[in-house]
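Asks: Please model the complete structure; the sequences and the hints are all you need to start from.
Chain order of the listed sequences is A and B. Heads up, the first sequence is in the UniProt record's numbering, so the first residue is 1 and it goes up one at a time. Heads up, the second sequence is in the UniProt record's numbering, so the first residue is 1 and it goes up one at a time.
Keep in mind the hints are simulated off the structure, nothing from the lab. A few of these clues could be false.
Claimed, not checked - Here are the in silico distance ranges between beta carbons for each label pair:
id, chain 1, residue 1, chain 2, residue 2, range
1, B, LYS507, A, LYS309, 49 to 57 Å
2, B, GLU442, A, GLN91, 39 to 47 Å
3, A, ARG246, B, GLU442, 52 to 60 Å
4, A, ASN281, B, ALA591, 36 to 44 Å
5, A, ASN281, B, SER438, 15 to 23 Å
6, B, LYS79, A, VAL23, 27 to 35 Å
7, A, ARG246, B, ALA591, 36 to 44 Å
8, A, PRO42, B, ALA591, 27 to 35 Å
9, A, GLY95, B, LYS79, 29 to 37 Å
10, A, GLY363, B, LYS507, 25 to 33 Å
11, A, GLY363, B, MET481, 48 to 56 Å
12, B, LYS79, A, GLY344, 55 to 63 Å
13, B, GLY769, A, GLU397, 47 to 55 Å
14, B, ILE518, A, ASN366, 31 to 39 Å
Claimed, not checked - Stretches of chain A that chain B covers, calculated by requiring three or more beta carbons in the stretch to come under 8 Å of a beta carbon on chain B:
id, segment
15, 22–31
16, 106–113
17, 231–240
Small disclaimer: the values here were computed from a predicted structure and weren't measured. For glycine and all other residues, C-beta sits at the position ideal for the given N, C-alpha and C.
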Amino acid sequence: MIHSLFLINHLGDIFLEKHWKSVISRSVCDYFFEAREKAVDPENVPPVLQTPHHYLISIYRGKLFFLSVIQTEVPPLFVIEFLHRVADTFQDYFGECSESVISDNLVIVYELLEEMLDNGFPLATESNVLKEMIRPPNILRSVVNTLTGGSNVGETLPQGQLSNIPWRRAGVKYANNEAYFDVTEEIDAIVDKSGTTVSAEIQGVIEACVKLSGMPDLTMSFMNPRLLDDVSFHPCVRFRRWESERVLSFIPPDGNFTLMTYHISSQNLVAIPVYVKQSINFFEAGSCGRLDITIGPKQTMGKTVEDLKVTIHMPKAVLNANLTATQGNYTYDCTTKMLVWDIGKLNPQKLPNLRGSLSMQTGVPNPEENPSLNIDLKIQQLAISGLKVSRLDMYGEKYKPFKGVKYVTKAGKFQVRT
Amino acid sequence: SSKNIINYNFYELVILFNSANDNKIFYLIWSSHDDLKEMLDSNKDSLKLEAMKRIVAMIARGKNASDLFPAVVKNVACKNIEVKKLVYVYLVRYAEEQQDLALLSISTFQRGLKDPNQLIRASALRVLSSIRVTIIVPIMMLAIKEAASDMSPYVRKTAAHAIPKLYSLDPEQKDQLIEVIEKLLADKTTLVAGSVVMAFEEVCPERIDLIHKNYRKLCNLLIDVEEWGQVVIINMLTRYARTQFLNPNINGGSGDKTFYGSDEDEDEDEEEKEKKPYVMDPDHRLLLRNTKPLLQSRNAAVVMAVAQLYFHLAPKAEVGVIAKALVRLLRSHSEVQYVVLQNVATMSIKRRGMFEPYLKSFYIRSTDPTQIKVLKLEVLTNLANETNISTILREFQTYIKSMDKDFVAATIQAIGRCATNISEVRDTCLNGLVQLLSNRDELVVAESVVVIKKLLQMQPEKHSDIIKHMAKLTDNIQVPMARASILWLIGEYCEHVPKIAPDVLRKMAKSFTNEEDIVKLQIINLAAKLYLTNSKQTKLLTQYVLNLAKYDQNYDIRDRARFIRQLIVPTEKSGALSKYAKKLFLALKPAPVLESPFKDRDHFQLGSLSHLLNAKAGGYQELPDWPEAAPDPSVRNVEVKESVRAVGTVTHRDTGALWGPQRMEGSESCSFPRAQSSEEEERKHQRKSKPRKSESESESDEDEESESESSQSESEDSESEAEVKKKKKVQTRVNYRGRPQEEGVFLQTIAPSSTLKSYELLHRITGEGLSVEYCFSRQPFSPDANMVAVQMQFTNNASSDTKNLHIEDVKLQSGMRVKEFPEIELLPAGETATAVMGIDFCDSTQAANFQLCTHTRKFFVSIQPPVGELMRPVFLTENEFKKEQGQLMGMNEITEKLTLDVKCRNEHTIVQRVTTAANLSRVPCGSDKECRFAGRTVTSGSLVLVTVATKEEGAAQLTVNCEKMVIGTMLVKDILQALTQ
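Replies: Here it is as structure tokens:
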């Protein structure tokens, strides 16, 4: 299926290649470079390219291109999903997925790639199984290894691959048994000029950090599971149990994992936490513009809105911004044309305001479109959909674990059109 | 390079001092890698490791390290596991280039293949099969064949992975590999399923017949297979279903209620309306039902696979479920969005109604990458209809103002398409587009012109002012396509603009030589049309243009000019055609249809690479059309009765217990004959699952009787058939009385026939015609009283005789013993023979593994006893029972409360079920609320006492006293299960 993989940095250098079948010359990447050139923006490179003898499927992650070479028919999503899994694994092992970190850990990376695919077909992609075979780097161990000549490769053979629950290691032991769940909801919304909501939906995700000994069997139930329109699960979740009882029943992987994601679609009523009053005008005469933005709370369920931030991608003609903010700071980057207003906490008594003038390039006609505002915000201890975890029970083990659930609401792709 | 050396040393020093990260490898390429060779030859593992790390880093960076081959390959048997792994990496990379040297390593792997550890066997096979050296093909073939019948499912999985490797190395091996694939397809473990289907797809996707027998099993296993395997299996099953089932949307059968009224039903062929009502094949339903939960997978590829399966196979009314899941994927990475949107675009043409509720999810944000924007636009356009068009147009208005001009151009085209499809909004759109003609951006104007041209063609007479307006644009617009469009419009509708048209031609004649080719062609066109309608004003101009064209560099233009001159300017030589010139040029042209580029793309299997590229990719398997008449559905029937302890399912089962009821069903229900399967499955839902399967009720009575008959004839050769039959009658009566072992021949033979359950040891397909079943006859095994008698029945279904049936290579846990049956010298074709062997299981439920050999073949088989067969009945009086029970209290007593099955509330059935589950005898008892049973374990003779005390309304209490606690616990489980269902 997947023939070869090339990792390419933002300069267009190939800094790693791996072949799972016979070797394919790196000149195949030239077709990709051509397309990369044409696309201007790295995000606009078509993920699937056709060359005379091969197909190239690539993803763009962390300023790197993961380019795979395919020779025969294969579902493109299969490859894309796998490449993202590779990037996730690097992230998981090294804390980030960048060229420097991959070059520093070249051998581990190579060993990982070797285990993840066999003859181009995915073999071990579960992080728990991989970690049993190839240990992630850590400073203490590398010191010890240099002194003793020890190795990064696990001495034990990966039993996880043999089991029916490959995501969990056997023989897990903790002194403190704890299970934490973070319910994070992101609001994706488009608000138009007049302040009416064009579309709004919620993307929720439950991230778990489970450090429990043995083979715990967990059950999580919700106060109001009917809220969830559409869900997707980690493979550990027993689907039929969800279908019949709307509870999540699972034997968790060890460590961090995404338990479920859910979607509350635009057909439902979604609360919008803030409103924005804005006016952005460009004047032909005098080549200047005026900007005035005020943000106020709308539906916050009595919680404080934090980390409020407004990002505006200005038209090319805007040279500089001369503004005053009643709260927070603003920056304007003339090269990327990004205006960022970092507000912080939203005080309902004293609404933050940003106003002033924009200086424009002379002799250039006015931009036709007003730029749209992208809003970032965070509300602690609130799931804006109203979802609540009601219980978390553990079976199969005797000890009493610490349990915790945290809620947070964030703005996802929250856009205000002007 | 001296600078490099300095750098290198510097880094080396840093590393030495820091020692923080041993993976920071900086290396130099010496001309001959002498230092590395030296390190590899040293005795120290740490040096070897360091050298190997540098070499692998070289490979990773694409540097050539092939000259190190001899030095590296020496270390293939190195003890250090990391060195070994890195050597493997190197070997696989360079073996193809250094074939002779690579052969040196083969023996290491061959040894590895025989290792007792399954993971080492698997890894040896993995590396061996990755070495691309043609000379070892026979070795690989042998290794794969061997591994395919390995006890460990993991090794079998590796064997499945090795198949495509060998196939690509030597396609001549296809036939032999298909045999292995066939064998592995029959495997019942989830671990193997995905890998073997992948091998099937690469080696022999056309052999759809191999799937029949495994179809139901694959459907049932699907949910437990790992994600990547799921994708491959679902795609393959989609193709399979298209060849085996009928089109569910063919004649308004079950699902077709025109639920989505707006759909164009293209797949409903009118001629094919048969009167026979459509009934969905239960197997078709099974596939749809078992894939649906996977829409909730976290893996986008799995979701997409299920979505395409539903799109291609489900009745129309059911396809809707996939929309929600696909919309969810739009939140994923932009590459995922890209692929999903392409597929949604294709789907939304055929099944518009499905995505309509999610219209807003396709709205575009200014932050989306352009390629995503364009695809969303495509979907929005496909979804537009009379009811939502006003909302969509309002959205489009916002998009037109975008800074991203490519996107604006795409929006204009989208507006054009909406206008052609929905006549109500045509004028609104046209007006909007005309306004865009005064846009500052030339690209926008050009695109608008092209689209307006197409729209005007529909109703030219109403819009002469627009044409006039556009004629003026020729002064400004430079985009060739737009200029060409305007010229064509003026020429075509010159009677609507009689004054302007000649003037435009005049201007064009002036600039002719500087125009692009498409514009030149349209100038000639315009000239010709004007000449025909208004020759007075334009005759000279036309001549001039044609003269210019005559000497043009482009031969198309020269040709066109010559042709047109002949056609329109009458000379004595000009033929009959010129009479019709006017008709030819000014014929009414049909309005263009603005079509989606995604129309009819669904003849490619959705989700495939070929669909995405809209071109057939190498190795693409066509999605076949539905058959006109359904092929025989009985080909999928599996005749296996119940292979409970089939070889190799053991590991799976042990972990399976964790899964709860729903996960167990998959691996088992597949073995039931079809008629029972659905009912059987439902029953399993209700049943509390146990790791081991209980006695099943699905066995038919006939089987059991023939079984017991043969058992009797075996043990009592002298007795005639008639006598046996008589005894059978007796036995039903005597059956549940106390049955002490030493009570003479007569009582011994009356093993309760209804309790004898036979298991499959070797299926006739795996056994190549030889099938073997066994049962625990519950007779004392005369050669050794400590052994359990296992009665085997051999049937030769093949057409040739089987000779020398015997046992070899017995593998046992320590302490266990086996007394083999005497060799059966000849088993003629079609005949059946029985034999009894004794196994001392040491009072444990460990399996006895051995090989069953014929004169030609060997089969790995295993026998695992249910705990109830590890004991034999003893006769106790009530007092003895109580006394013994008194001594087995505390730890040795296990009590469980239970609710009896509704059908099991009387004494008779309780006794029957307990004695079926375990080889015990009943102890007489004064109270009718209690049933007692006693037995001794076969090996150690430990007492096993069972009490079932019944209370009101089916409540009951089960007590087991046994000094062997493991046996006690397992027995409680089995009896509980026997009584509760």
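Asks: Work down the list of hints and note, for each, if the structure agrees.
Replies: Hints, verified against the model:
no.	hint	result
1	LYS507(B) to LYS309(A): 49 to 57 Å	holds, 55 Å
2	GLU442(B) to GLN91(A): 39 to 47 Å	holds, 45 Å
3	ARG246(A) to GLU442(B): 52 to 60 Å	holds, 57 Å
4	ASN281(A) to ALA591(B): 36 to 44 Å	holds, 42 Å
5	ASN281(A) to SER438(B): 15 to 23 Å	holds, 21 Å
6	LYS79(B) to VAL23(A): 27 to 35 Å	holds, 30 Å
7	ARG246(A) to ALA591(B): 36 to 44 Å	violated, 54 Å
8	PRO42(A) to ALA591(B): 27 to 35 Å	violated, 41 Å
9	GLY95(A) to LYS79(B): 29 to 37 Å	holds, 33 Å
10	GLY363(A) to LYS507(B): 25 to 33 Å	holds, 29 Å
11	GLY363(A) to MET481(B): 48 to 56 Å	violated, 29 Å
12	LYS79(B) to GLY344(A): 55 to 63 Å	holds, 60 Å
13	GLY769(B) to GLU397(A): 47 to 55 Å	holds, 50 Å
14	ILE518(B) to ASN366(A): 31 to 39 Å	holds, 33 Å
15	22–31	holds (count 3)
16	106–113	holds (count 6)
17	231–240	holds (count 8)
The structure does not agree with the numbered hints 7, 8, 11 stated previously, though it agrees with the rest.
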